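Chain residues, written in single-letter form:
There are 4 protein chains.
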Amino acid sequence: MNNNSIINWIEFGNLSIPNILLSKYASLNMNEEELVMILQIFSFQQKGHTFPTPSQLAEIMSLNDQKCMEVIRQLLKKGLIEIVEQKDERNLRSEAYSLSPLWIKLIESTEEKQPSVELTNPIPSIIEQNEE
Amino acid sequence: MNNNSIINWIEFGNLSIPNILLSKYASLNMNEEELVMILQIFSFQQKGHTFPTPSQLAEIMSLNDQKCMEVIRQLLKKGLIEIVEQKDERNLRSEAYSLSPLWIKLIESTEEKQPSVELTNPIPSIIEQNEE
Amino acid sequence: MNNNSIINWIEFGNLSIPNILLSKYASLNMNEEELVMILQIFSFQQKGHTFPTPSQLAEIMSLNDQKCMEVIRQLLKKGLIEIVEQKDERNLRSEAYSLSPLWIKLIESTEEKQPSVELTNPIPSIIEQNEE
Amino acid sequence: MNNNSIINWIEFGNLSIPNILLSKYASLNMNEEELVMILQIFSFQQKGHTFPTPSQLAEIMSLNDQKCMEVIRQLLKKGLIEIVEQKDERNLRSEAYSLSPLWIKLIESTEEKQPSVELTNPIPSIIEQNEE
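Protein chains in written order, with our numbering: chain A, -11 to 120; chain B, -11 to 120; chain C, -11 to 120; chain D, -11 to 120.
Please note that the accuracy of each hint is not assured.
As the list makes no split between identical chains, a pair holds if one copy fits it or if it spans any two.
[Said to hold, decoys possible] In silico DMTMM-like pairs for lysine to aspartate or glutamate, Cα to Cα no more than 20 Å straight-line: (1) LYS93 - ASP76; (2) LYS12 - GLU47; (3) LYS55 - GLU77; (4) LYS12 - ASP53; (5) LYS35 - GLU96.
Everything labelled a hint here was simulated from the structure, so no lab data went into it.
Please read all numbers here as calculations on a predicted model, not as lab measurements.
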């Protein structure tokens, strides 16, 4: 292993996935294949590619094209993703996967769990003491 | 450089910071020292440490304790952070920095910029064709 | 949806996963269940919990305890994870999952793909011009 | 605040920054302006834009063009970044900032801190017991 391989590693970058997605997907009735499909679509989206084909997805998954399409259909039927129409700068229309329904379900699933915090005075004593 | 150092690198992990924070802090009237202070507080928060002291912050910044306190005071005065009271499981009270005011300002700053998308039918033709 | 739920969302944080893992797991002969198991173990690790039990994993996956154990056994047999012994500050021994074998395989898989870059002079003209 | 603003927030995405960078930049003799400059260059890099101009940087920082150039010059002089020549697919040459020198210094700074772990047998008892 050499420096270049590590530099490459760093420059390929990371995908930030919400901790809530990892800990709640099962309670939203998703299985592991559906979760990974979501991650792949999200990853394409972050790179500006909003409508990957089943075969582009199959290339980086352990599933074949047919199975990828099936998983996408399941996600659409469960109301976790949807297909929307986009217009680009030149007013050209194209289709895009939207993960909004999933994000909304996940945000709603956190609504019960608000930690009880109370606002204290804005400039606390520890900091005020040092002001003269 | 050896394998161990790269493994360490990966296991130290990453902090995910919202792209919006990086591109909008200046328009919220923050300077670079204030931004890095926010990142450090957020990083402590993610590790479960909600009220780092000025000297803990000074240890990992180029600023001394006094200057750290001053930057925190500026952030409090600008209404970007606040100090809240928390109760833990055993009902003990403690203070914590809250970044909520900053997050709310940042979310509001994105409200003008919604891409116009329209929902098309949920099961698109390209996928339907393959169902039999 | 209210402010609190979004603040909660942000504070739950994100897990940063290497893009290389998402695009190469299938070529390392992993399936989607194995990938998600890796992500869950990595997520526990980032929170300082290095040896989650099968039933802790089953709680946040679509798999039951038995199936979780089976997936972990597959990952051990494939040489993608290993179990190591750790000593903490008080010299107490405990077991931990190590993802090092996986990270090493992934780093090696990037070694062919180095972009060819050449170093130019360190202070480029565009910047030098502005110095007087 | 409405759903759209949160969805926008999520879709704008995050930048994953190595925890090591946040905790070690000061010991590499960087100040907060230099750290934020690194983060901005890294962020542009992740979006495929490898040579942002001082004025593009000034637009999203609290510094003006002149000051941005000065900070970049400092980073070049300190040997933390360099300017390299890239060739694209059509063999066109262009300049790019490389953060490699910084990554290498950071990786080296972790080399002393390897946790002592020992490999135990690959299939541990807790898991073996359940196999029949």
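Evaluated hints:
no.	hint	verdict
1	LYS93 - ASP76	neither (28 Å within a copy, 28 Å between copies)
2	LYS12 - GLU47	between (27 Å within a copy, 10 Å between copies)
3	LYS55 - GLU77	neither (34 Å within a copy, 33 Å between copies)
4	LYS12 - ASP53	between (27 Å within a copy, 17 Å between copies)
5	LYS35 - GLU96	neither (27 Å within a copy, 24 Å between copies)
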